[in-house]
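K.L.:
Here are the chains, one letter per residue:
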Amino acid sequence: MKSVLLLLFTSLIFSVSAQVKISGKVTDAKNRPVAGASITLKNTYDGATTDSTGNYAFTTTEKGEQVIEITSTGFKLFEQKITIANTDIKVSATLKELVTELTAVVISTGSFEASDKKKGAVLSDIDIVTTPSANGDITSAFKSLPGSQQVGESEGLFVRGGTATESKIFIDGTQVNNFFFSGSPGVAQRGRFNPFLFKGTVFSTGGYSALYGQALSSALILESKDLPERSEADLGVSVVGVGGGMQHLAKDKKSSWGFSGNYTNLWLAFNVIKQKLDYFKIPVISDLDANFRFTTKGGGMIKMYSYISQTTLGSRTYDLDSLSMKDAFTLKNVNQYHNISWKQPMKNKWKFSTGLSYSNNKDNIDNELQDGNNVKQVITNPNFYAYKNFSLHTNGDYFQNRIMFDKKLKGLSGLRFGSELSVSNEQSTYTLYDGSSYKGTVKETMAALFGESDIYLTNSLAAKVGVRTEHSDLLKKWNIAPRASLAYQLGKYSSAGFAYGIFYQNPERKYLPTTSVLDFSKATHYILQYQMLTSVQTLRMELFYKKYNDLYKTGFNNFNQEVVIGNGGFGYAKGFELFWRDKKTIKNVDYWISYSYLDTQRDFLNFPASIQPSFAAKHTAAFVFKKFIMPWKTQFNLSYNFATGRPYYRIAYDNTLQKNVFTDRGTTINYNSCSFSANYLPNIGKKNPKVFAVWVLGINNVFGQKQIYTYNYSTDGTRKQPVTAQSTRFAFIGCFLSFGTDRTQDAINNNL
Amino acid sequence: MKKFIIASVLVTLSIAASAQSDKYVAAMQKNLAAMDTAFANPANLLVLANNFERIANAEKNQWLPYYYAAFCQVNYGFMLQDKDKVDDVADKATDFINKADSLMPNNSEISCIKSMIASCHMMVNPMQRWQEYGAESNGNMEKAMQQDPANPRPYFLKGQGLKYTPEQFGGGCKTAQPVLQTALEKYAAFKPASELDPNWGKKQVEQLLAGCK
Numbered sequence: 001m002k003s004v005l006l007l008l009f010t011s012l013i014f015s016v017s018a019q020v021k022i023s024g025k026v027t028d029a030k031n032r033p034v035a036g037a038s039i040t041l042k043n044t045y046d047g048a049t050t051d052s053t054g055n056y057a058f059t060t061t062e063k064g065e066q067v068i069e070i071t072s073t074g075f076k077l078f079e080q081k082i083t084i085a086n087t088d089i090k091v092s093a094t095l096k097e098l099v100t101e102l103t104a105v106v107i108s109t110g111s112f113e114a115s116d117k118k119k120g121a122v123l124s125d126i127d128i129v130t131t132p133s134a135n136g137d138i139t140s141a142f143k144s145l146p147g148s149q150q151v152g153e154s155e156g157l158f159v160r161g162g163t164a165t166e167s168k169i170f171i172d173g174t175q176v177n178n179f180f181f182s183g184s185p186g187v188a189q190r191g192r193f194n195p196f197l198f199k200g201t202v203f204s205t206g207g208y209s210a211l212y213g214q215a216l217s218s219a220l221i222l223e224s225k226d227l228p229e230r231s232e233a234d235l236g237v238s239v240v241g242v243g244g245g246m247q248h249l250a251k252d253k254k255s256s257w258g259f260s261g262n263y264t265n266l267w268l269a270f271n272v273i274k275q276k277l278d279y280f281k282i283p284v285i286s287d288l289d290a291n292f293r294f295t296t297k298g299g300g301m302i303k304m305y306s307y308i309s310q311t312t313l314g315s316r317t318y319d320l321d322s323l324s325m326k327d328a329f330t331l332k333n334v335n336q337y338h339n340i341s342w343k344q345p346m347k348n349k350w351k352f353s354t355g356l357s358y359s360n361n362k363d364n365i366d367n368e369l370q371d372g373n374n375v376k377q378v379i380t381n382p383n384f385y386a387y388k389n390f391s392l393h394t395n396g397d398y399f400q401n402r403i404m405f406d407k408k409l410k411g412l413s414g415l416r417f418g419s420e421l422s423v424s425n426e427q428s429t430y431t432l433y434d435g436s437s438y439k440g441t442v443k444e445t446m447a448a449l450f451g452e453s454d455i456y457l458t459n460s461l462a463a464k465v466g467v468r469t470e471h472s473d474l475l476k477k478w479n480i481a482p483r484a485s486l487a488y489q490l491g492k493y494s495s496a497g498f499a500y501g502i503f504y505q506n507p508e509r510k511y512l513p514t515t516s517v518l519d520f521s522k523a524t525h526y527i528l529q530y531q532m533l534t535s536v537q538t539l540r541m542e543l544f545y546k547k548y549n550d551l552y553k554t555g556f557n558n559f560n561q562e563v564v565i566g567n568g569g570f571g572y573a574k575g576f577e578l579f580w581r582d583k584k585t586i587k588n589v590d591y592w593i594s595y596s597y598l599d600t601q602r603d604f605l606n607f608p609a610s611i612q613p614s615f616a617a618k619h620t621a622a623f624v625f626k627k628f629i630m631p632w633k634t635q636f637n638l639s640y641n642f643a644t645g646r647p648y649y650r651i652a653y654d655n656t657l658q659k660n661v662f663t664d665r666g667t668t669i670n671y672n673s674c675s676f677s678a679n680y681l682p683n684i685g686k687k688n689p690k691v692f693a694v695w696v697l698g699i700n701n702v703f704g705q706k707q708i709y710t711y712n713y714s715t716d717g718t719r720k721q722p723v724t725a726q727s728t729r730f731a732f733i734g735c736f737l738s739f740g741t742d743r744t745q746d747a748i749n750n751n752l
Numbered sequence: 001m002k003k004f005i006i007a008s009v010l011v012t013l014s015i016a017a018s019a020q021s022d023k024y025v026a027a028m029q030k031n032l033a034a035m036d037t038a039f040a041n042p043a044n045l046l047v048l049a050n051n052f053e054r055i056a057n058a059e060k061n062q063w064l065p066y067y068y069a070a071f072c073q074v075n076y077g078f079m080l081q082d083k084d085k086v087d088d089v090a091d092k093a094t095d096f097i098n099k100a101d102s103l104m105p106n107n108s109e110i111s112c113i114k115s116m117i118a119s120c121h122m123m124v125n126p127m128q129r130w131q132e133y134g135a136e137s138n139g140n141m142e143k144a145m146q147q148d149p150a151n152p153r154p155y156f157l158k159g160q161g162l163k164y165t166p167e168q169f170g171g172g173c174k175t176a177q178p179v180l181q182t183a184l185e186k187y188a189a190f191k192p193a194s195e196l197d198p199n200w201g202k203k204q205v206e207q208l209l210a211g212c213k
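Read top to bottom, the protein sequences are chains Y and E.
Mapping the first sequence onto the working numbering, position 251 (from 1) lands on 251, and the numbers just tick up by one.
Mapping the second sequence onto the working numbering, position 110 (from 1) lands on 110, and the numbers just tick up by one.
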């Protein structure tokens, strides 16, 4: 018995004295010390944390086979088996980097992202609505970034020497036709969709992903919001109209529905602010939309969105040929757009997504030649006057379906592939002064297959490689378009990138139908990027070269309509772009500067030769400044846009030379515009305010600077007239209120 | 003899168990004692967070080590100079507090930490994030008040938040003082469930109130 006790005591003493020291150094792959790493003897309390030199040491009384675990944020778990006897142990480790979204380099060559959540985003969602030159219009906000032109005479994004039709817009993966409102000729229109519908926007100025096609220059990719954070109702009143809507989030937070409606009437605005055009029918736009979203089993989501709108307007302008007579233009547009999308995670890191969209657009245009008393005139000598009396009725149906499978591989790497089917049917009826009418139908079925892979070799080297193939029924041709981009992390905040891609596009609807045999038009992009990005500053520089092949040339058919006759066009665009955003240097001030240099020439449509097109300025710059003044609860925004003069041409057919020639050409004055806006938020910071109000004041072209976009010529070419902004200045005043739904009933009751 | 063996086995087992729990209590106490000084140096706060994580992972069914690991992580997050790393740290704190939550559901102290984590996320970019994380932080704070009206810590968090909110936004000393006073009264009456249970914040409230004079 005694011996047993003795044994017990000695073993106790022994165990106390038998502490073993475990120490070592923890480094990363580049042999730099890792501070703050946690070392644990698995399933015990024993362990340590590395100091700033990466060293650690601790003692333990554990014995035998044990496991050492080392963890640190941003690194993979390190495990090592050890056997603890009576001697001290050294365990040093080299940790492997974890490739995560937070640490990995982001591929951003050629694209600007606006998002509140994603790393690498250059703009936040709210920037789109607080950029004063944009007036709350999604595409206009991107005109303050490098790459796009300050074109005021027509809508759309003119990117890196491309036309507006070379930029396509996608919502939840499917292409949107007629994204912009219809309007009078020579007046740029706004986009139809409310910027608050979207949670993330990617504006690609080139080298975009193989998931998208049919755009030679640029893709604007919009992603609609998921479930709202709470139920809400809102109401807006402004000088241009009224609008309101509500969003209802179910109690279980698994589904939501909502609707909104807007009535826009420019009567007040156009009476106060003189317009260049004489509106005998004030533009009136009514639109309604509705949405329904719900989560599915297994974390999927289905979103439905429907939109319908009607626009009517009538405007009169002096006829450039006679000067004594007028051109009267009336328009009625009805547009509807419906989109269903479904995303569903599946087993083994697969994800399935599909989207279905249908849209219909009807434009009824009537044009009349009128005398000084606004009475219709039919003049047949010279006969070009007679053609000023016409009507054009168009009806377009667009259907698109897209299916995609996504597989997550190791780390951030992934693979996705899918297919796309678009069917369109566009009909037009062109009626002349004598009642004779011409019907045209263009039907197209496009099928596309695409595949793309994200490859993250390390945190600092990432590639995206993809390929897309399309078949057009109209052209009876296949194309194959490879795309690739690469990003390499240079320093903690800086990276270099490269993008390459081939892009194809079909001819524009307005130059169809044609009897000519056609192929796709083609663009090849090469882009080089340097970027420095911190949470408060962004510096980005890009060099690009874009080569155009097989651009469409036009000629006149037997009915005197301009149609595509072949793929003989070509061109190039090259340039340099700079973007600098800074929220740090001046307290509470956020500003950005963008500059683009563009050298481009092309021969397409009716051009007699390769020229700098009229939609391309050599130098374009923008400055945006935002400051929130807390005591006033007001944000002030200022933007200044500049572009050097653009060339303009008169192109006419020379009967003796039997070809198109330039009969006149010139360059417009430089473009300058300064816009200002202020947003006053009286309820900001109040806990649970009943109403959240935003007052908005916006003034465009504050200094009334003269803006000439281009020139229009009379039929005989003897007279030219500048195309300018519709008013020297424009002012906007509005108030937007939102109510949390739990209190909406009160607000509604109080107002009744 | 048989009885003796059974009894001795039982005794040894219970000694082992109490030794185990003694070891747990001792380890927790040692780390809790180091907490006050750790706030002076973020690196030490991380050391404590790692220590609590070790205890938590070894014990697996104790909520307090997870709770303190989350508490140390989130405070480390508040003290970080490099804003790019804050979200990562706050996410780690979330992992811990969720584990604590599953072991001790519907707990006021845990809701307090959730509120702090949301505030920590918000601090990265208050202008952009206050709508989302501000609401989350407030929601958890109010939940904490409901779950245990005697708990002074949600009142401390509320008062602290108000003090650092600009006056134009309904903050400042004037609105913070009454809330901090309430917190102080509740601290005076508060008795932690055990010596290991949360019992922090009184000194900070006094400091905040002193700063308002």
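To be clear, the hints were calculated from the coordinates, so they are not data collected in a lab.
All figures in this text were calculated on a predicted structure; none of them were measured in a lab.
There may be inaccurate statements among the hints.
[What the hints assert, rightly or not] Restraint ranges, calculated between C-beta atoms of paired labels, are given here:
| id | chain 1 | residue 1 | chain 2 | residue 2 | range |
| --- | --- | --- | --- | --- | --- |
| 1 | E | Asp82 | Y | Asn31 | 55 to 63 Å |
| 2 | Y | Lys587 | E | Asp82 | 51 to 59 Å |
| 3 | Y | Gly704 | E | Gly172 | 26 to 34 Å |
| 4 | E | Gly170 | Y | Tyr263 | 51 to 59 Å |
| 5 | Y | Tyr500 | E | Met127 | 56 to 64 Å |
| 6 | E | Gln147 | Y | Ser413 | 41 to 49 Å |
| 7 | E | Pro178 | Y | Lys407 | 50 to 58 Å |
| 8 | Y | Tyr263 | E | Gly172 | 25 to 33 Å |
| 9 | Y | Lys76 | E | Gln147 | 34 to 42 Å |
| 10 | Y | Val465 | E | Ser21 | 56 to 64 Å |
| 11 | Y | Lys587 | E | Ala210 | 26 to 34 Å |
| 12 | E | Gln147 | Y | Thr87 | 47 to 55 Å |
| 13 | Y | Ala85 | E | Asp82 | 55 to 63 Å |
In this text, a Cβ means the ideal position worked out from N, Cα and C, and glycines have one as well.
K.L.:
Next step is simple, just say for each hint if it's right about the structure.
P.N.:
For each hint, the structure was consulted:
1. Take E:Asp82 and Y:Asn31: their Cβ atoms lie about 21 Å apart, and the range 55 to 63 Å is violated.
2. A hinted range of 51 to 59 Å for the beta carbons of Y:Lys587 and E:Asp82 is inconsistent with their spacing of about 20 Å.
3. A beta carbon spacing of about 43 Å between Y:Gly704 and E:Gly172 contradicts the range 26 to 34 Å that was offered as a hint.
4. The hint said 51 to 59 Å for the Cβ distance between E:Gly170 and Y:Tyr263, and at roughly 35 Å that hint is violated.
5. Between Y:Tyr500 and E:Met127 the beta carbon distance is about 38 Å. The supplied range of 56 to 64 Å is therefore violated.
6. For E:Gln147 and Y:Ser413, the hinted distance range of 41 to 49 Å is satisfied, since their beta carbons lie about 43 Å from each other.
7. At roughly 57 Å, the beta-carbon separation of E:Pro178 and Y:Lys407 lies within the given 50 to 58 Å, and the hint holds.
8. Checked against the given bound of 25 to 33 Å, the beta carbons of Y:Tyr263 and E:Gly172, roughly 43 Å apart, lie outside it.
9. Separation of Y:Lys76 from E:Gln147 is about 38 Å and conforms to the stated range, judged on CB atoms against 34 to 42 Å.
10. Distance hint check for Y:Val465 and E:Ser21: the Cβ-Cβ separation is about 58 Å, which falls inside the suggested range of 56 to 64 Å.
11. The supplied range of 26 to 34 Å is met by Y:Lys587 and E:Ala210, whose beta-carbon atoms lie about 28 Å from each other.
12. Judged by the Cβ atoms, the range 47 to 55 Å given for E:Gln147 and Y:Thr87 holds: they are separated by roughly 52 Å.
13. Between Y:Ala85 and E:Asp82 the C-beta distance comes to about 42 Å, which lies outside the given range of 55 to 63 Å.
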